[in-house]
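Could you slot chain B onto chain A? The hints should help.
Spelled out, the chains give:
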Amino acid sequence: MSSLYEQLKQDIRFEEGMKACINCGTCTAICVASEFYDYDPRIIVDTVQSRDEHKIEELLKSETIWYCGECMSCKTRCPRGNTPGLIIMALRSLSQELGYFVESEKGRQQLAIKRTVGEWILSKGYCLYLEGVGTELHPEQGPVWDWIQKNWAAVFKRLGANYQGDGPGILRKIPEESLEEIRRIFEVTGGKARFDKIEEFSKKKAEELSVEFGSGLDNEYFSHIYKYNSGNHNHKS
Amino acid sequence: MIIEGKQKIWKDYQKEISDDKYFYVRSCVRQNFFPGAETTFLRILKELGKEVHENPCHTTCTGIGYHSDIIPVDTLMTVVARQFALMTESGYENLVPSCITSFGIYTEVMDTWHHFPGTEAKVREYLKKATGREFQIPKNLAHASDVIFKFRKEIAQKAKYRLTNQKTGEPLNVVEHIGCHYAKMFPSKGVGGAEYPYVLVGMVEEWGGKVIDYPERRHCCGFGFRQYLVQANRGYSMACSHKKFESMEPYKPDMIISNCPGCHIFLDKWQYAISEMENKTYGPNGEGIPVFTFEEVAGLVLGYDPWDIGLQVHQVPCEPVLKKMGILYDPEKKYKGLHGEDLGKPVKSAFKQ
Chain A
1 MSSLYEQLKQ DIRFEEGMKA CINCGTCTAI CVASEFYDYD PRIIVDTVQS RDEHKIEELL
61 KSETIWYCGE CMSCKTRCPR GNTPGLIIMA LRSLSQELGY FVESEKGRQQ LAIKRTVGEW
121 ILSKGYCLYL EGVGTELHPE QGPVWDWIQK NWAAVFKRLG ANYQGDGPGI LRKIPEESLE
181 EIRRIFEVTG GKARFDKIEE FSKKKAEELS VEFGSGLDNE YFSHIYKYNS GNHNHKS
Chain B
238 MIIEGKQKIW KDYQKEISDD KYFYVRSCVR QNFFPGAETT FLRILKELGK EVHENPCHTT
298 CTGIGYHSDI IPVDTLMTVV ARQFALMTES GYENLVPSCI TSFGIYTEVM DTWHHFPGTE
358 AKVREYLKKA TGREFQIPKN LAHASDVIFK FRKEIAQKAK YRLTNQKTGE PLNVVEHIGC
418 HYAKMFPSKG VGGAEYPYVL VGMVEEWGGK VIDYPERRHC CGFGFRQYLV QANRGYSMAC
478 SHKKFESMEP YKPDMIISNC PGCHIFLDKW QYAISEMENK TYGPNGEGIP VFTFEEVAGL
538 VLGYDPWDIG LQVHQVPCEP VLKKMGILYD PEKKYKGLHG EDLGKPVKSA FKQ
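Sequence order for the protein chains is A and B. The opening residue of the first sequence carries number 1 in the working numbering; numbering runs sequentially from there. The opening residue of the second sequence carries number 238 in the working numbering; numbering runs sequentially from there.
Some hints could be false.
From the structure, some residues in chain B lie toward chain A, with a derived Cβ separation under 8 Å [stated by the list, open to error]:
#: 1; residue: Cys294
#: 2; residue: His551
#: 3; residue: Gln552
#: 4; residue: Gly574
Keep in mind the hints are simulated off the structure, nothing from the lab. The beta-carbon is built from N, C-alpha and C at its ideal position, and this holds for glycine as well.
If we strip away everything but chain A, and leave its shape as in the complex, we get:
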């Protein structure tokens, strides 16, 4: 097995995002996540460029790499052409590849994203799907969204959509042959393998924690990772 640093270098985002960091801290100054979380992209980049395997492994198992929002504001500002956001993407990919993501509260949330966004992509052909976004899980969507959900067919027809219809248009039914092509792309390119790994490592973690691990969204493990916040992620006042 090659070193963690060498494995990171295999990721094209790492090649694009990691030049030589001069530790100026401009990325941290502009970083949206740094204002909210106890997070410092400058330290992440410096840790990675140190090539210290022990520290990189710690990073891959940490909460820290999951704080970035991938707004990519850092890309615009870095005077040396680095992109901490792309380095984060490479770190997150490797963390999932090696199963390290389940060692952190924020990393474990990957299962929740896989089971919502990931499954919608494969089953519907959309990243988000009207019927999966109710105010029970998204209370901030408010009473107008409740009204839409109650009357979705009529409201979408009113606004010119082709909800679940054949042919083009808003929220059309994606043809089964197209969904099959997307699934084959996932098979060929590693997308399915990524999903399988997220499931497999999460299941092991649930067993270790003695938490019920079912399929779908209605089980103790999903509910826990989706809702639990230890409160240990923000700056200490």
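Same frame as chain A, now just chain B:
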């Protein structure tokens, strides 16, 4: 400043936007949350006599999954390549995505292939193996807001209303919010670049409004992908929008216009959540600050019925802006179906209308 010098400086921040024959790819977020905006975009292009094609076989680009890191980069690039193949097979060369995340992704993928040609070759093999398809790279990539920007003067010529207060004659104060992935990653691919993006400013000024400059103008709306998708992380998302609202409030904005479907959700819905949690609203007299997509604003300027373009699905009521612009509308039709059927009404929120 010498004009030639100024033109030279800005040359890097102009982009080529094709003027016809568009291959349109839809946005997952906009279709689900603001369907009327996409309907309005196509209606405007039809009115302008432009040719737009949509292939029903196109899918999500997987962008929200990619930026929440459940989708490997090879998978993303191959799904993008499939969209390009559909465009090629349909006989088009000008790609117009509705979504800013998608626009950023198409830009990133094309840039990666340019700098690392081996990745393009690998993706071509993946696509062939998985689907048998082949593709051409788009000759022109323009976000839907670029296209409306290109035709802003034509829209102004057809305008029935302007972004002005009909009673005072003063321009409306407009906050413009650009989605981060429009130009922060690749400044040369956005009109005006990352520092002074002009894509929305150009529309607002052409249609009679005045753009507000405020401290947190370029701050992210707070989507943050996994920071919103997972309930435990949503404090991040709300904190970002909150920071923007607090920053813009002293400038008394009449409205917000955004070119990103995600930003539109958060600037609209977090105002509602803040009103519920803190009893705080950011407009005058208990009103919110109405949030619009660029398609909706163009539609209003052209005189389209507010309920045809979908303003009834906004959580922050838009009526204060309609009244200021002097737009004639029937409040009784707001929550009706296509043929006037009664669909009930949403439960009232804290906002005054």
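Inset, instruction - List, from low to high, the hint numbers that the structure doesn't satisfy. - result: none
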